[in-house]
Amino acid sequence: MESRFTHFIMQIFKVKKIGFVFVVLAATSLYACSKKGEIVSEQSDSKATDRKEMLANIADNIVIPAYGKFKLKLDVMLAKSNAFTTTPTINTLTEFRTAWVDAYTEWQKVELFDFGPGQEQALRSYFNIYPANESAIAANIAAGSTVNLDVPAAYTTVGFPALDYMINGLGSTDQSILSFYTTAPDAAKRIDYLIRITQKMNAVFTKVNSDWNTSYRTEFVNKTGIDASSSTSVLVNSYVLNFERYIRSGKFGIPSGAMLNGVVSPNKVEGFYKRDISLSLAKAAHQASVDFFNGKSVSTGVEGPSLKNYLNGLEAKDSGTGNLLSQIVNTQFELVSQKLGLLSGNLYNEVNTNNQAMVNVYNEMQKAVRLLKVDMTSAMSITVTYTDNDGD
Amino acid sequence: MNFSVKSIKNIAVVAAIAGVFVSCKKDKAIEIQPGLRETIAYSTLTPSTPYTSSFLDLTGQSTVDFTTGNTRYKMFQSINTYAGTGTTVQLDAAVFKNMFINSAAPFTDSYASLNGTGIQLRNIVASSKPTAEAEAVRSYFDTQFADMAAISLSSGMIAQKGVAGKLGNRLVDARGMETSQIIQKSLIGALQLDYIGNVLLNTGLTADNSTLVSGKSYTQLEQNWDEAYALLTSSPIYLAGSTDAVRGTAEFGLGSYIWEYNKANYAQIYPAFLKGRAAIVNNDKAELQAQATFIRSQIEFAIASAAVGYLTKWGTRTTDADRAHDIGEGAGFIYSLRFCSINKADAAFSDGILTTLLSPAGGFWDITPAKIATANSAIRAKFNLQ
Chain A
1 MESRFTHFIM
11 QIFKVKKIGF
21 VFVVLAATSL
31 YACSKKGEIV
41 SEQSDSKATD
51 RKEMLANIAD
61 NIVIPAYGKF
71 KLKLDVMLAK
81 SNAFTTTPTI
91 NTLTEFRTAW
101 VDAYTEWQKV
111 ELFDFGPGQE
121 QALRSYFNIY
131 PANESAIAAN
141 IAAGSTVNLD
151 VPAAYTTVGF
161 PALDYMINGL
171 GSTDQSILSF
181 YTTAPDAAKR
191 IDYLIRITQK
201 MNAVFTKVNS
211 DWNTSYRTEF
221 VNKTGIDASS
231 STSVLVNSYV
241 LNFERYIRSG
251 KFGIPSGAML
261 NGVVSPNKVE
271 GFYKRDISLS
281 LAKAAHQASV
291 DFFNGKSVST
301 GVEGPSLKNY
311 LNGLEAKDSG
321 TGNLLSQIVN
331 TQFELVSQKL
341 GLLSGNLYNE
351 VNTNNQAMVN
361 VYNEMQKAVR
371 LLKVDMTSAM
381 SITVTYTDND
391 GD
Chain B
393 MNFSVKSIKN
403 IAVVAAIAGV
413 FVSCKKDKAI
423 EIQPGLRETI
433 AYSTLTPSTP
443 YTSSFLDLTG
453 QSTVDFTTGN
463 TRYKMFQSIN
473 TYAGTGTTVQ
483 LDAAVFKNMF
493 INSAAPFTDS
503 YASLNGTGIQ
513 LRNIVASSKP
523 TAEAEAVRSY
533 FDTQFADMAA
543 ISLSSGMIAQ
553 KGVAGKLGNR
563 LVDARGMETS
573 QIIQKSLIGA
583 LQLDYIGNVL
593 LNTGLTADNS
603 TLVSGKSYTQ
613 LEQNWDEAYA
623 LLTSSPIYLA
633 GSTDAVRGTA
643 EFGLGSYIWE
653 YNKANYAQIY
663 PAFLKGRAAI
673 VNNDKAELQA
683 QATFIRSQIE
693 FAIASAAVGY
703 LTKWGTRTTD
713 ADRAHDIGEG
723 AGFIYSLRFC
733 SINKADAAFS
743 DGILTTLLSP
753 AGGFWDITPA
763 KIATANSAIR
773 AKFNLQ
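Protein chains in written order, with our numbering: chain A, 1 to 392; chain B, 393 to 778.
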């Protein structure tokens with residue numbers, strides 16, 4: 001009890017301390033919504049109950065059912081992959097591709113859960129690091145089962161991007177792609193590799209899903225503090241990191257060159273070999289972030305306790321306009337959606353012919369990043385842990 | 393004042409006996425204890441109470457002397473600075489070793505005043521440990537220094553598995569280990585934590601507090617406490633003006649990582665040093681012990697959290713250079729865990745984690761998320777981290 005009490009006292013102390021930091025940060029930053037004034041937040045003594053409700057909603061109505069839905073799509077894809085590797089034909093290839101698109105799209109709705117088991121098992125690293133490394137994949141196929149696919153060097157040779165290359169990118173026609181699995185001298189090795197990387201996806205995801213459905217849910221809901229290891233801290237950090245690095249940068253900032261002095265890299269779009277799904281993947285990922293922020297149940301569509309509610313409970317608002325920070329965030333999300341709506345489905349083409357529209361998406365997303373990473377984390381007294389701030 | 397384990401033991405008996413007499417004379421409102429100091433009311437101490445000018449003898453002279461602690465602190469900085477130049481300059485293992493034992497005037501520029509002081513690092517590194525183990529730790533640093541000098545020859549190479557060289561601006565050995573980080577983070581444990589936590593604030597608390605050290609204004613116990621503070625920081629008020637987001641003072645080594653990885657309690661470290669120091673003046677053994685234990689526990693928490701923090705960061709990185717940096721820092725902190733005696737971590741614990749993490753021979757290059765998770769859970773369990 002004594003340590004719990006001490007902890008409680010520290011919470012109060014921290015809250016006050018951060019409140020000050022927050023005002024300074026807000027005052028010194030160019031505020032993204034370009035309205036005058038500062039975001040001010042007044043925190044009550046303890047919001048642990050609010051956080052617990054938020055965590056429970058996130059676990060029970062978002063993460064666990066979203067993983068459940070993804071599992072359905074992944075299982076279909078694995079079955080279709082199995083059918084293809086057993087009997088490679090145009091028909092089994094086509095069905096495999098369809099299932100791959102479905103699973104890849106559903107993946108966008110779970111990639112943001114990079115905390116707890118997902119983080120520990122490096123789910124994203126094994127599922128969606130792109131662009132795929134063609135030469136490394138070829139080397140892995142040639143080397144066979146001795147290659148270690150667990151190390152970071154293998155991240156770009158496995159997962160959805162590697163599958164994209166292997167079922168969409170090996171040749172210019174379906175027939176020529178199929179020949180890599182039928183008549184090519186190393187067809188058997190290529191089939192083995194396909195089996196190996198799909199089995200790896202299954203193994204990693206099964207562990208994550210299983211942990212959530214057994215022990216981790218309780219642990220997650222009960223770590224109600226705001227210290228660096230608390231659930232609120234890890235989920236906020238991973239949520240913001242996902243939006244910043246894997247939606248803003250990965251899907252738009254890098255391909256459009258917005259983050260590299262305008263040097264475009266159309267070959268770095270997501271789903272590069274399939275091409276026409278890149279926008280729909282991005283939209284799915286963005287919408288998943290919006291829904292997560294608002295606590296929307298993936299089963300019923302009903303909103304529950306969320307980052308939005310929590311911010312409202314903290315009364316985080318723009319002192320000039322009186323607008324709630326959560327409203328400002330949602331307005332910015334809507335602006336992103338509008339810019340996404342101006343793109344056509346093939347982002348490879350968009351980079352080459354309509355790149356300013358790509359950059360525009362990036363710019364609106366950057367404003368959202370600022371709101372989430374600076375204003376939201378400050379209002380919540382959450383330390384951003386994913387930047388290296390020791391300077392050495 | 394050089395302070396070996398043996399000498400502490402020798403005076404322990406004397407100090408313990410002295411302590412008995414001292415404690416008989418306690419409860420007067422204002423008293424001279426033991427004929428040296430005026431009692432300090434704990435309630436007068438605040439987080440901004442200055443250290444050096446608050447502990448005076450009856451003539452008004454400060455009894456605080458940070459010379460020895462700060463000297464070693466700067467020696468650690470000097471070694472770290474020298475190691476950091478390895479990306480551009482060819483380093484000499486002999487210079488490292490001379491800095492370690494303060495021989496042959498190895499310190500230059502702003503550190504030159506450290507030469508010839510008769511104070512060194514090597515003989516206090518791991519000095520809480522039995523002789524054989526302490527020597528093994530000191531030899532470990534000799535090996536790291538030699539490795540650092542060797543890889544500085546490869547600064548023109550691009551590192552890859554089995555090849556020393558640079559990853560980004562990080563200089564790593566053939567196993568991908570950033571030796572400069574290994575040295576710094578290992579010294580945080582072997583030098584700072586061990587000497588502060590396991591010697592000065594542990595066995596050192598039994599030192600004499602009834603007579604002045606010859607020619608000095610302080611008792612040995614007072615000096616032990618002050619030396620601990622001065623080996624942690626060179627700031628007059630440790631972390632003054634700090635917030636969770638911005639550190640308010642220039643800190644190095646352990647002092648900076650307490651701020652970074654113990655957000656809950658970093659602001660309580662300085663007050664604990666003040667209160668413990670007042671407890672020495674008051675001959676209040678119970679309070680002294682309480683503050684020492686608090687400080688030691690918080691240091692151990694920070695080091696364990698830093699180890700977990702860097703291992704976790706490895707998983708969020710997108711480049712080998714960043715990942716290698718995290719592993720260099722993390723491995724050094726894991727090495728330092730062996731000095732976390734309050735949490736009963738030892739060499740077997742540290743080495744077991746390092747072996748699992750860095751085997752087989754590829755070291756950094758063969759690390760997987762599963763190995764990281766194993767190391768993390770072992771540390772979390774041992775230190776009861778959430």
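Source of the hints: derived by calculation from the structure; they are not laboratory data.
A portion of the hints provided could be inaccurate.
As a list, the in silico BS3-like pairs of lysine-lysine whose alpha-carbon atoms are at most 27 Å apart [unchecked claim]: (1) A:K189 - B:K553; (2) A:K223 - B:K553; (3) A:K71 - A:K200; (4) B:K774 - B:K558; (5) B:K553 - A:K200; (6) B:K736 - B:K763; (7) B:K705 - A:K373; (8) B:K705 - A:K207; (9) A:K47 - A:K200; (10) B:K736 - B:K553; (11) B:K736 - A:K268; (12) B:K677 - A:K223; (13) B:K558 - A:K207; (14) A:K69 - A:K207; (15) B:K705 - A:K200; (16) A:K71 - B:K763; (17) A:K223 - B:K489; (18) B:K736 - A:K207; (19) A:K52 - A:K373; (20) B:K466 - B:K553; (21) A:K200 - B:K763; (22) B:K558 - A:K223; (23) B:K705 - A:K367; (24) A:K223 - A:K367; (25) A:K73 - A:K283; (26) A:K52 - B:K705; (27) B:K705 - B:K608.
Predicted model only: the values in this text are computed from it and were never measured.
Cross-check of the supplied hints:
The suggested pairing of K189 of chain A with K553 of chain B holds, with an alpha-carbon distance near 26 Å, which does not exceed 27 Å. The suggested pairing of K223 of chain A with K553 of chain B is violated, with an alpha-carbon distance near 39 Å, which exceeds 27 Å. With a C-alpha separation of about 14 Å, the suggested pairing of K71 of chain A with K200 of chain A holds against the 27 Å cut-off. With a CA separation close to 34 Å, the supplied pair K774 of chain B and K558 of chain B exceeds the 27 Å bound.
Straight-line distance between C-alpha atoms of K553 of chain B and K200 of chain A comes to about 24 Å, which keeps the hinted pair within the 27 Å bound. Proximity of K736 of chain B to K763 of chain B is assessed by CA-CA distance (about 23 Å); at most 27 Å being required, the pair is judged to hold. Distance hint between K705 of chain B and K373 of chain A is fulfilled; the C-alpha atoms sit about 17 Å from each other, no more than 27 Å. Between K705 of chain B and K207 of chain A the alpha-carbon distance is near 21 Å, which keeps this suggested pair within the 27 Å criterion.
Distance hint between K47 of chain A and K200 of chain A is unfulfilled; the C-alpha atoms sit about 40 Å from each other, more than 27 Å. For the given pair, K736 of chain B sits about 35 Å from K553 of chain B by alpha-carbon distance, which is inconsistent with the 27 Å threshold. Taken as a hint, the K736 of chain B and K268 of chain A pair is broken in the structure, with Cα atoms around 50 Å apart against an allowance of 27 Å. Restraint check for K677 of chain B and K223 of chain A: the C-alpha separation of about 37 Å exceeds 27 Å, so the hint is violated.
A hinted pair counts as satisfied when its Cα atoms are at most 27 Å apart, and K558 of chain B with K207 of chain A does not qualify at roughly 36 Å. Note on K69 of chain A and K207 of chain A: the hinted pairing holds, with a Cα-Cα distance of about 16 Å set against a maximum of 27 Å. Pair hint K705 of chain B plus K200 of chain A holds up; C-alpha atoms about 23 Å apart against a cutoff of 27 Å. As the CA atoms of K71 of chain A and K763 of chain B are separated by approximately 26 Å, the hinted pair is consistent with the 27 Å bound.
Restraint check for K223 of chain A and K489 of chain B: not satisfied, since their Cα atoms lie roughly 47 Å apart, outside the 27 Å limit. Under the criterion of a C-alpha separation no larger than 27 Å, the hint pairing K736 of chain B with K207 of chain A is inconsistent with the structure, at around 32 Å. A C-alpha spacing of about 22 Å is found between K52 of chain A and K373 of chain A, which places the hinted pair at or below 27 Å, so the restraint holds. For the hint linking K466 of chain B to K553 of chain B, the alpha-carbon distance of about 35 Å lies beyond 27 Å, and the restraint is violated.
At roughly 17 Å between alpha-carbon atoms, K200 of chain A and K763 of chain B fall within 27 Å of each other, so this suggested pair holds. Our distance criterion of 27 Å between C-alpha atoms is broken by K558 of chain B and K223 of chain A, whose separation comes to about 40 Å. Our distance criterion of 27 Å between C-alpha atoms is met by K705 of chain B and K367 of chain A, whose separation comes to about 25 Å. A hinted pair counts as satisfied when its Cα atoms are at most 27 Å apart, and K223 of chain A with K367 of chain A does not qualify at roughly 30 Å.
Proposed proximity of K73 of chain A and K283 of chain A is supported: the alpha carbons are some 18 Å apart, at most 27 Å. About 26 Å separates the Cα atoms of K52 of chain A and K705 of chain B, which keeps this hinted pair within 27 Å; it holds. Taken as a hint, the K705 of chain B and K608 of chain B pair is broken in the structure, with Cα atoms around 48 Å apart against an allowance of 27 Å.
Figure legend: structure checked against the earlier numbered hints; hints not met, in rising order: 2, 4, 9, 10, 11, 12, 13, 17, 18, 20, 22, 24, 27.
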